[in-house]
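Peer 1: Below, each chain spelled out in residue letters.
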Amino acid sequence: MMSRKITFMQAINEGLDLSMAKDDKVILLGEDIAGGTTVEHLEGESAWGGVFGVTKGLVEKYGYDRVIDTPISEMGYMGAAVGAAATGLRPVPELMFNDFIGFCFDTLLGQGSKMRYMFGGKAKIPMTVRTNHGAGASAAAQHSGSYYGIFGSIPGIKVVVPSNPYDAKGLLISAIEDDNIVVFSEDKTIYGIKDEVPEEYYKVEIGKAKVKREGTDLTIVTVGKMLYVALDVAEELEKNDISVEVIDLITVAPWDQETILESVKKTGRLIVIDEANPHNNAATDIASVMGDRAFDYLDGPIKCVCAPNTPVPFASNLEALYLPSKERVLEEASELIEDLK
Amino acid sequence: METMTKKKAAWVYKTMNDIRKFEDEVHRIFTTGDIPGFVHLYAGEEAIATGVCAHLTDEDYITSTHRGHGHCIAKGCDINGMMAEIFGRETGLCKGKGGSMHIADIDKGMLGANGMVGGGFAIAAGAGLRNKYLKTDDVVVCFFGDGASNEGSFHEGINLAAIWNLPVVFVCENNMFAEATPISYSSGSKTIADRSVAYGIPGVRIDGKDLMAVYEEAGKAIDRARKGEGPTLIECMTYRNYGHFEGDEQKYKAKDGEEKNWADLDNIVLFREEAIKNKWLTAEQADEIEAESARAIEEAVVFARNSPLPKPESLMEDVMV
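Chains as they are written, first to last, in the numbering used here: chain A, 73 to 413; chain B, 1015 to 1335.
Check each hint, because a few of them may be wrong.
As the list claims (entries may be wrong) - With a straight-line Cα cutoff of 27 Å, these simulated DSSO-like cross-link-like pairs (lysine-lysine) come out:
1) B/Lys1325 / B/Lys1021
2) B/Lys1149 / A/Lys97
3) B/Lys1149 / A/Lys194
4) B/Lys1267 / B/Lys1204
5) B/Lys1325 / B/Lys1028
6) B/Lys1149 / A/Lys94
7) B/Lys1146 / A/Lys128
8) A/Lys284 / A/Lys338
9) A/Lys194 / B/Lys1122
10) B/Lys1146 / A/Lys196
11) A/Lys413 / A/Lys337
12) A/Lys133 / B/Lys1149
13) A/Lys194 / B/Lys1146
14) A/Lys311 / A/Lys196
15) B/Lys1234 / B/Lys1204
16) A/Lys133 / B/Lys1267
17) A/Lys196 / B/Lys1325
18) B/Lys1020 / A/Lys196
19) B/Lys1146 / A/Lys97
20) B/Lys1293 / B/Lys1020
21) A/Lys194 / B/Lys1204
22) B/Lys1234 / B/Lys1020
23) B/Lys1122 / A/Lys97
24) A/Lys97 / B/Lys1021
25) A/Lys196 / B/Lys1291
26) B/Lys1241 / B/Lys1146
27) B/Lys1241 / A/Lys94
28) B/Lys1204 / B/Lys1291
Claimed, not checked - Pulled from the structure, derived: some chain A residues nowhere near chain B, Cβ distances all over 12 Å:
29) Val111
30) Gly116
31) Ile140
32) Arg188
33) Lys196
34) Asn252
35) Tyr274
36) Lys275
37) Thr288
38) Glu307
39) Gly340
40) Leu370
Source of the hints: derived by calculation from the structure; they are not laboratory data.
Note that the Cβ used here is the ideal one computed from N, Cα and C, for glycine as well.
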């Protein structure tokens, strides 16, 4: 496959582009995903391409029938996406920030996620909700939260959180091909990271975690960009001959129990890093299940390193404290690996 | 628009009777404890579902409400399957996993009764978007109650349908009470139809107990939608025979005055008289249709009672594709 370095954002744009080229049932909806709809002097050009520019260039290629600017009306267009999916299209609505879910939660919680079950298997809702999460952009409490775990706790919804350009493109293509609701949550602070991405249409499997670094003493499972914190920790501990296995969870729901279980059987120690608030999140769920399934293999408590139980603060120094850091993970790790020193 | 014919009148009268007898029977059985859960009956509002769905085919979609049995029957859902669903049986339209508030049959264009008040507006807009995108001339009807008109989704769904010129007809069944609260208390606008002005679409209030008024107004609106002329808001004034749900003592209903007049109107009797007067039906034909409906409902109850409960393993089925 032909490959070159592109950004996380470009990889997502390419995933959308190739999906739209392949299947004309794929339509995009969202606020200013083209931007400037009906403004004559734009002559069909994207004014914005989404607030971050992720969908830039797509309206030029596919037109306003398929790249649909919506009013600021999350309940309306998210519900419309559910209706369009139930009747045969494959919509990809964009929720500009995952923090806006309150405006449209019923369309996913009360309607879309339950239709297939409530209707005795007769409905399918093939839609991919693109949204973004993550602190670190000085966007403060209403534009920085990490709520993928909330979606992940709802039966009938899959949730993926890519950490790099390659996975982002392949996962998005898989999500759009999936016949279920998939929430595709992008970390807004890594839109600029670059990596090798094939030009072709390819898929990354939903539901399968990836071992990013092999190790024998400690397993660290991460969600999204927390991968990079874990890799830093692994490098640091390597200096002391501590071997860390790093697993990128990739799919928050349904998450890959087997890959984590196999790793913990080998290492006997587990830390989960999740940027979400600390209760009822992906980390606590993993800790609960592994506390049960891996109990006999564990040499110490399972540690969860998460954001504190606060909204995201604005001031940069506080925001830095809010995010799980290498230092905090090392502190938790030191307790687990004391016997190895 | 189609005018009333003998054949259509027979369908209308049968449908209205099917709905009434279905609901009366569910009401009766509910008191025995054989039907579990929450049940909201449509009896008294038959003219609306029937008068609207008389213009629809299986290719057209509807969204419905928690008071959805009437819409299901008028849209062609299987009555045995509906009754079995309400009894929570394996043979139910939703395999016993949806119940009264979630009866659906997508093959019939029935996108679901809906336990969320106001849950249908945006879904209807989405189905309308699909119809427009695929360049079909199929339409969508969104049934909702006066209570739903105060949800934010009313505004968002109708506004989207208006700005995108979608083939969606919004049909308000104003039965004067949202649960136990009168519409006069809960709406800032004098009528729900008045609100159409805010979206730049036609809005009209009609007598929802008058089958022909509903039939004609819905026919015009559905015609407009099919021709790509956009959405319409129709407010049908009506009154429900029973409470908000079964078990509701209905203390909020007036025993006399104008409200009592509404309560005394039977839209089925009114249509029977009109059909006989216009020679669409003879009295004998009407009697025969009533008897047929009664038999069909009786059979549906037998079918439901004789059906097995869902298998335990079905608990885990159909969460995802």
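Peer 1: For every hint, state whether the structure bears it out.
Peer 2: To see whether the hints hold, each was checked on the structure:
1. B/Lys1325 / B/Lys1021: Since the Cα atoms of lysine 1325 of chain B and lysine 1021 of chain B sit roughly 42 Å apart, the hinted pair is violated (cutoff 27 Å).
2. B/Lys1149 / A/Lys97: holds (13 Å)
3. B/Lys1149 / A/Lys194: Measuring from Cα to Cα gives roughly 24 Å; hence the hint holds.
4. B/Lys1267 / B/Lys1204: This hinted pair holds, its Cα atoms lying about 20 Å apart.
5. B/Lys1325 / B/Lys1028: Violated. Lysine 1325 of chain B to lysine 1028 of chain B sits at ~34 Å, over the 27 Å cutoff.
6. B/Lys1149 / A/Lys94: Judged against 27 Å, a Cα distance of about 20 Å means the pair holds.
7. B/Lys1146 / A/Lys128: Given pair lysine 1146 of chain B, lysine 128 of chain A holds - Cα atoms ~25 Å apart, limit 27 Å.
8. A/Lys284 / A/Lys338: holds (16 Å)
9. A/Lys194 / B/Lys1122: holds (11 Å)
10. B/Lys1146 / A/Lys196: holds (20 Å)
11. A/Lys413 / A/Lys337: holds (20 Å)
12. A/Lys133 / B/Lys1149: With Cα atoms ~20 Å apart, lysine 133 of chain A and lysine 1149 of chain B stay inside 27 Å; holds.
13. A/Lys194 / B/Lys1146: With a Cα-Cα distance of about 23 Å, the restraint between lysine 194 of chain A and lysine 1146 of chain B holds, given a limit of 27 Å.
14. A/Lys311 / A/Lys196: violated (51 Å)
15. B/Lys1234 / B/Lys1204: Given that 27 Å is the threshold and the Cα spacing comes to 24 Å, the pair holds.
16. A/Lys133 / B/Lys1267: violated (59 Å)
17. A/Lys196 / B/Lys1325: Answer holds: lysine 196 of chain A to lysine 1325 of chain B is near 22 Å, not above 27 Å.
18. B/Lys1020 / A/Lys196: violated (39 Å)
19. B/Lys1146 / A/Lys97: It holds: about 13 Å lies between the C-alpha atoms, which stays within 27 Å.
20. B/Lys1293 / B/Lys1020: holds (8 Å)
21. A/Lys194 / B/Lys1204: Violated, at roughly 40 Å.
22. B/Lys1234 / B/Lys1020: holds (20 Å)
23. B/Lys1122 / A/Lys97: Roughly 22 Å between the alpha carbons, so the hint for lysine 1122 of chain B and lysine 97 of chain A holds.
24. A/Lys97 / B/Lys1021: violated (39 Å)
25. A/Lys196 / B/Lys1291: violated (47 Å)
26. B/Lys1241 / B/Lys1146: Distance of about 11 Å is within 27 Å: holds.
27. B/Lys1241 / A/Lys94: Violated, at about 31 Å.
28. B/Lys1204 / B/Lys1291: violated (35 Å)
29. Val111: holds (15 Å)
30. Gly116: Per Cβ check, glycine 116 of chain A is outside 12 Å of chain B; nearest 18 Å; holds.
31. Ile140: violated (8 Å)
32. Arg188: violated (5 Å)
33. Lys196: At about 5 Å from chain B, lysine 196 of chain A fails to clear the 12 Å cut-off, so the statement is violated.
34. Asn252: violated (5 Å)
35. Tyr274: Answer for tyrosine 274 of chain A: holds, closest chain B Cβ roughly 22 Å.
36. Lys275: Check passes; 16 Å lies beyond 12 Å.
37. Thr288: Threonine 288 of chain A clear of chain B: closest Cβ-Cβ about 36 Å, beyond 12 Å.
38. Glu307: It holds; glutamate 307 of chain A is separated from chain B by about 39 Å at its closest Cβ, greater than 12 Å.
39. Gly340: Per Cβ check, glycine 340 of chain A is outside 12 Å of chain B; nearest 33 Å; holds.
40. Leu370: holds (29 Å)
Checked against the numbered hints above, the structure breaks hints 1, 5, 14, 16, 18, 21, 24, 25, 27, 28, 31, 32, 33 and 34 and satisfies the rest.
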